[in-house]
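J.: If you're matching them up, the sequences are chains V and C in order.
Okay, so the first sequence: first residue is 0 according to numbering that gives the first Met the number 0, each after it adds one.
Okay, so the second sequence: first residue is 0 according to numbering that gives the first Met the number 0, each after it adds one.
Careful: at least some of the hints might be erroneous.
[To be verified] Cross-link-like lysine to aspartate or glutamate pairs, in silico, DMTMM-like; alpha carbons within 20 Å at most:
1) V/Lys562 <-> C/Asp560
2) V/Lys24 <-> C/Glu553
3) V/Lys435 <-> V/Glu104
4) V/Lys652 <-> C/Glu177
5) C/Lys346 <-> V/Glu104
6) C/Lys562 <-> V/Asp368
7) V/Lys2 <-> V/Asp50
8) V/Lys562 <-> V/Glu527
9) V/Lys658 <-> C/Glu553
10) V/Lys384 <-> V/Asp411
11) C/Lys384 <-> C/Asp310
12) C/Lys435 <-> V/Asp368
13) V/Lys93 <-> V/Asp54
14) C/Lys93 <-> C/Asp50
15) C/Lys435 <-> C/Glu177
16) C/Lys562 <-> V/Asp596
17) V/Lys346 <-> C/Glu104
18) V/Lys562 <-> C/Glu566
19) C/Lys206 <-> C/Asp3
20) C/Lys493 <-> C/Glu627
21) V/Lys241 <-> V/Glu213
22) V/Lys652 <-> C/Asp60
23) V/Lys562 <-> C/Glu685
24) C/Lys24 <-> V/Glu527
[Said to hold, decoys possible] Derived Cβ-Cβ restraints for the label pairs, each shown as a range:
25) V/Ser356 <-> C/Gln51: 32 to 40 Å
26) V/Glu213 <-> C/Gln291: 34 to 42 Å
27) V/Pro354 <-> C/Lys435: 37 to 45 Å
28) V/Gln439 <-> C/Ser124: 34 to 42 Å
29) V/Thr337 <-> C/Ser358: 42 to 50 Å
30) V/Lys404 <-> C/Lys435: 47 to 55 Å
31) C/Arg650 <-> V/Gln291: 24 to 32 Å
32) C/Pro22 <-> V/Gln439: 24 to 32 Å
33) V/Asn563 <-> C/Ser573: 19 to 27 Å
[To be verified] Covered, in the sense of this in silico footprint (three residues per stretch, anywhere, with C-beta under 8 Å from a C-beta of chain C), are these stretches of chain V:
34) 82-91
35) 103-113
36) 152-165
37) 185-195
38) 494-507
39) 647-658
Hints were generated in silico from the structure; no laboratory data involved.
Ideal placement from N, C-alpha and C gives every residue a C-beta, glycine not left out.
There are 2 protein chains.
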Amino acid sequence: MIKDLERMFSPKTVAVVGVSRHPDKVGAIVWKNISRGGYAGELYPVNPNLDQIDDRRCYPDLASLERVPDLVIVAVPAAVALTVIEQAGVKGVKNALVYAAGFKEAGEAGARLEQQLIQLADRFSINILGPNCLGFVNASCSLNATFAAVSRRPGNLRFVSQSGAIASSLFDWCQATELGLAQCVTLGNKAVVQENDVLRYLHDRAKVTLTKAERVGLADCDPIGFYLESISAGREFIRIAKSVSRVNPVFIIKPGRSSAARQAMRSHTGAIAGEDAVLEAALAQSGVIRCQTLEEFFDLARAFAWENAPDGPRVAIVSNAGGPAVISADAVIRSGLTMAELSNETKQALAQLLPRSASILNPVDVLGDALADRVAKAAEIILAKQQADVLIVILTPQIMTQIEKTAGLIGDLSARYHQPIFCSFIGGSLIAEGEKKLNQARIPSFRFPEQAIRAVAAMWQWRSRSKDTAAAPAKPPAILINQVAVESVIQHAKLNQSAMLDAEATSRLLAAAGITTPVTATVDGYDEATRFCQKYDWPVVLKLSAPGLLHKTEVGGVMTDIKNSRELLQAWDSLNANIKRLEVSLQPQVTIQIQEDVVNGVEVIVGAKRDSTFGPVLLFGAGGTLAELIVDRNLQLLPITLSQAAKLVERSKIYALLKGYRGGLPYALGRLDELIVRLGQLIMAEPQIKEMEINPVIVTRHDTFAVDAKVLINY
Amino acid sequence: MIKDLERMFSPKTVAVVGVSRHPDKVGAIVWKNISRGGYAGELYPVNPNLDQIDDRRCYPDLASLERVPDLVIVAVPAAVALTVIEQAGVKGVKNALVYAAGFKEAGEAGARLEQQLIQLADRFSINILGPNCLGFVNASCSLNATFAAVSRRPGNLRFVSQSGAIASSLFDWCQATELGLAQCVTLGNKAVVQENDVLRYLHDRAKVTLTKAERVGLADCDPIGFYLESISAGREFIRIAKSVSRVNPVFIIKPGRSSAARQAMRSHTGAIAGEDAVLEAALAQSGVIRCQTLEEFFDLARAFAWENAPDGPRVAIVSNAGGPAVISADAVIRSGLTMAELSNETKQALAQLLPRSASILNPVDVLGDALADRVAKAAEIILAKQQADVLIVILTPQIMTQIEKTAGLIGDLSARYHQPIFCSFIGGSLIAEGEKKLNQARIPSFRFPEQAIRAVAAMWQWRSRSKDTAAAPAKPPAILINQVAVESVIQHAKLNQSAMLDAEATSRLLAAAGITTPVTATVDGYDEATRFCQKYDWPVVLKLSAPGLLHKTEVGGVMTDIKNSRELLQAWDSLNANIKRLEVSLQPQVTIQIQEDVVNGVEVIVGAKRDSTFGPVLLFGAGGTLAELIVDRNLQLLPITLSQAAKLVERSKIYALLKGYRGGLPYALGRLDELIVRLGQLIMAEPQIKEMEINPVIVTRHDTFAVDAKVLINY
């Protein structure tokens, strides 16, 4: 259900329950933050033990208020908070904020309290922010509803954090770098109001109200940064984020990579498409930029807030030192950006300006003795002639270097040319004054040039992705699979009470999905196998099949490249010998299958699983033996169209072979795309399939063959 | 020749030529830096236009000095500098420092000047530092022979930089973070004194003279950081660095990765073993830590200077916030370190100390309301019970957080427990005061926790590598190859005036090196090919051979898996048709070779080339088609022993197949190691071989076969 959070975050009337005169208490700090922070709405302090606070009348409880406040701020401990929420509900309040810890995060008793809180929210239809949160800040109505010190500098950055501590760090960092916040919401335990509600609110309703003067030096957009430890409804998050990020950059830091590795492995797809890889794919599809480190996150916040994302990947560098310039050029290439080629005219202009031994190629080295004027003039030549999509100015504190003056002149250039400019003043004490001046001019400056380049690369990634996602969505493709037949296979299979489909059911399922398999038969004896070969020609493959037998190769259960009767007999005997080595319980269930051998093809893997956060997701990559060597995990949330399938294949490492190796002919890419779409449709149509993997799919020059498949179902 | 730089860097008498009273001049700044910097030796100011400076007698020239100074500092422009150096030579001076720019870096005229400088150095046996440098600092004799402001804080860090600008930035950064320098040498154009001379001096002669009090809080070692744009004598650098880095950490930042990619491709080995990859391998072999970014370099400088490298990879984290703790745990795993497992006793102690909802597992979350005392006590439990190899303390500035007090208590713990402690206080203005206190206590603190973890990971890498390189060097293996036969093949081949060995010479070379090849014959006609098959059995391979024909597969010059006479005839015809499509000039030189087909093996590549900086280097990795898909470039400077070869193979990605895939039998690893050693010996023994590549070497269960080889020679 879509929550209307307009009155939560822009209330006209606010009651603060638990106001206090003791300066260390949350109730006192919050009261001070709001009442002295410029908030223009009506304020009701509530505390049964106080008559007055700050010369205002203090109310004993919510019931005694003359009006129903838009927002109730609950600054009391957990146990009391429930009573207050109930009173708020009775009063007809629709929005509340609960700071108290001691809920879900504090063990079982706390979890019960949180359950009660959720029930109250349901009963009275109250939006509750928190519990266990730091509150929120909304600069557009001068409301600091947190118990932290937050600078009132105007700005355009929005920040949503599950952690109050990270918000505290950000506030402190904003103070130091003079970065202004428009809105900041901390989510805490997310009992009722979740990130999707806030993201939707920020997109649809929240205003960044800055005067023209306050907007000077800021980017044209209002970026949104997320710190999340969990995502509550992944599909919805991606859907909203996709439409938000077309307009405003959305960037996120989400820990949890390493825990993903600990997951149990049931099949390749299970292990490969671990939670984090799915998240990564989902974010990429939605245009959200994922940060790898906290530093990158903080750096990117300021970069997006102050500069427009570049319209292209071309970087120009002006530096007063050769060393850092070379390091930076390296970093530019490594990050996927390019070094701008300067025009002859530009080079001539630079040659006129600079001493003979300066470099007039990009990176432009204005030399160590450059005064501020020379640095600025070189930068201006690049800007005036529009030689790059981004300009980075690098300064080291040498004996002649005019640090502050250079910063001032760069600020002027930024105001005049409206092109993205980033700085890296490398050093410590001396350059700190220059950085301060750059902050005032809203030029993102970084202690080390690689930080600047990393931020620029992320911004360009956002810009290029938002162009991608803005393209008209493709029509859903015609249904290719036989849904009735699929349903019938699954219904029948469920009767077996087994999590894994047997070979026959798997074949029928693939057939129903229109996925070609090599001709295969289950054979009862050697004679039957011989007849198969007479009918279908050599070479053939023999393999074991049994429910629960996942890795056949390891147990000697696959004999390939059988070219004649003699080899068939040998293989038959070995296979039967190997059966005897299997677990005794497994042996009676084993059958032997014979199959045409598909030769001269490339082995790939196509799989799908259902992610608990993001739902059905498809995996494509190198298969067979190659899967052991190449990390080639390309994921896409389902559903998938033919053109998306083609892009997925192009993104894979195995594409180097598929497209035709060393001038050879290409493999059947069209057929492969189709197989991917068919598998995707199968998963979307049949919710009983938990997980499925075809490995290998052999792609020949003319067709694809699903050689081996595993299907796990709910039973 | 080994240079004695003792009197250069610790002179007892110094002449400064070009002293000046004009405060902006280099000569004035240098004079002030030395004369007022506490230098206790004798000082001679020289300037023909001054009688006195600072109440001292000023000498008109070097000739008029009463004594021969240990060091002449030349603070005059390039053209005059040469005259001064000549006068110094005549006077008998053995060490000089030249600041002036305008030499090699400034074009042709400058390069000529530099050549003259080098000739003077040779003629008079003068060690010259520079030109185009910032000078040096040696704290052990209180000598700041630079024209930069350098803090006089005592310290143990040594720094060698080709760039003066980077040194300026480091000085400024040291000032801000209170990091003390023992020695800093800038190399500039490296005309005479090069990095190896300085590294040898720092290792053999330089003293880090700190009092016991000054040593408090510092690491037990004296780390050496390098900023280099080029390495003049790579083998020598690696040799010295290897022995230095057993005692003191050596770390380096060297740009130039991206330019490596621009190099022309002659063969796989040529492209793969690009300059940067060789550097990477060389550094790894020598125990030198390579930094990826300037930030990492600066961070690591402080980390090595202030904390001992951990003795193991186990990290414990104490944090006042859950979010950053999770982010950090992720980063720990990602960086190859491990999260320490706390003992039950430790967990009980933490449980007694901390509130119920705190986390007593690692990362330990002491909760947002923790006062300094709680943070310190939790940290102390970990330290006292020696639960980890490194402790990282993370602090966010929350409402109750006692930032400075916490920093103070951590300083006390560090002094008491002598275990590596790192901090990350995340934020801006508020936490700056805490950082200051940590700096004073010599606890490396980082604005973001990932920086701390990256530094710890690099330190652990150094520690574990220095354990490795400290192991007794293996005896050189017995010579396996027939050197006389090798020499004869090459001498004979040189007569052909061709850069590439033809098929026959290649075969003979491999035979001389004892490298097995499949039986191969050059055949003149189809009948001869048939006879080969009768003698050696099917399947066979047919392939073209011609000087300069590098990529046979692309031109249809290789026919594999020929199983019978019919297929042989087909292949023969196709091959002859393909010859007609080759360049006309090539056609007369083409011959056809027939070869046993080696089946059921793993294809690898073994190659070698001569790097201009590091000399002969060997490449091992996935070969054949796989080389197109897998980036598997494992390099080792030659010579190589059997056990090093085995390690090289184990490091490769293809090892996953070679060691026996999915429970299968292993391939002939011993034979492969031997082949690698044989190729290494071949390259070391025969300097006429410029580059060589065997691709594929097919490794079967029992042997290795060099199926195709290219050998480039000097002719």
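J.: Hinted pair, alpha-carbon criterion (20 Å max): C/Lys435, C/Glu177. Please report holds or violated.
T.: holds, 8 Å
J.: Holds or violated: C/Lys562 and V/Asp596, Cα atoms, limit 20 Å.
T.: holds, 18 Å
J.: What's the verdict on C/Lys24 and V/Glu527, does the C-alpha distance respect the 20 Å limit or exceed it?
T.: violated, 98 Å
J.: Within 47 to 55 Å or not, the Cβ separation of V/Lys404 and C/Lys435?
T.: About 28 Å separates the Cβ atoms of V/Lys404 and C/Lys435, which means 47 to 55 Å is violated.
J.: Going straight from one Cα to the other, do V/Lys562 and V/Glu527 come out at no more than 20 Å?
T.: With a Cα-Cα distance of about 17 Å, the restraint between V/Lys562 and V/Glu527 holds, given a limit of 20 Å.
J.: Mind checking the alpha carbons of V/Lys2 and V/Asp50 for me, to see if they're no more than 20 Å apart?
T.: violated, 35 Å
J.: Holds or violated: 24 to 32 Å for the Cβ distance of C/Arg650 and V/Gln291?
T.: holds, 25 Å
J.: So if I understand the rule, the pair passes when the alpha-carbon distance is 20 Å or less; does C/Lys206 with C/Asp3 pass?
T.: OK: C/Lys206 and C/Asp3 at ~15 Å, within 20 Å.
J.: Hinted pair, alpha-carbon criterion (20 Å max): C/Lys493, C/Glu627. Please report holds or violated.
T.: violated, 33 Å
J.: Tell me if the straight-line CA distance from V/Lys562 to C/Asp560 falls inside 20 Å.
T.: holds, 14 Å
J.: Does V/Lys658 pair with C/Glu553 here, judged by a C-alpha cut-off of 20 Å?
T.: Distance of about 14 Å is within 20 Å: holds.
J.: Please verify whether C/Lys384 and C/Asp310 have alpha carbons no more than 20 Å apart.
T.: The hint holds at about 16 Å.
The structure fails to meet hints 2, 3, 4, 6, 7, 12, 13, 14, 20, 21, 22, 23, 24, 28, 30, 34, 37, 38 from the earlier list, while all remaining hints are met.
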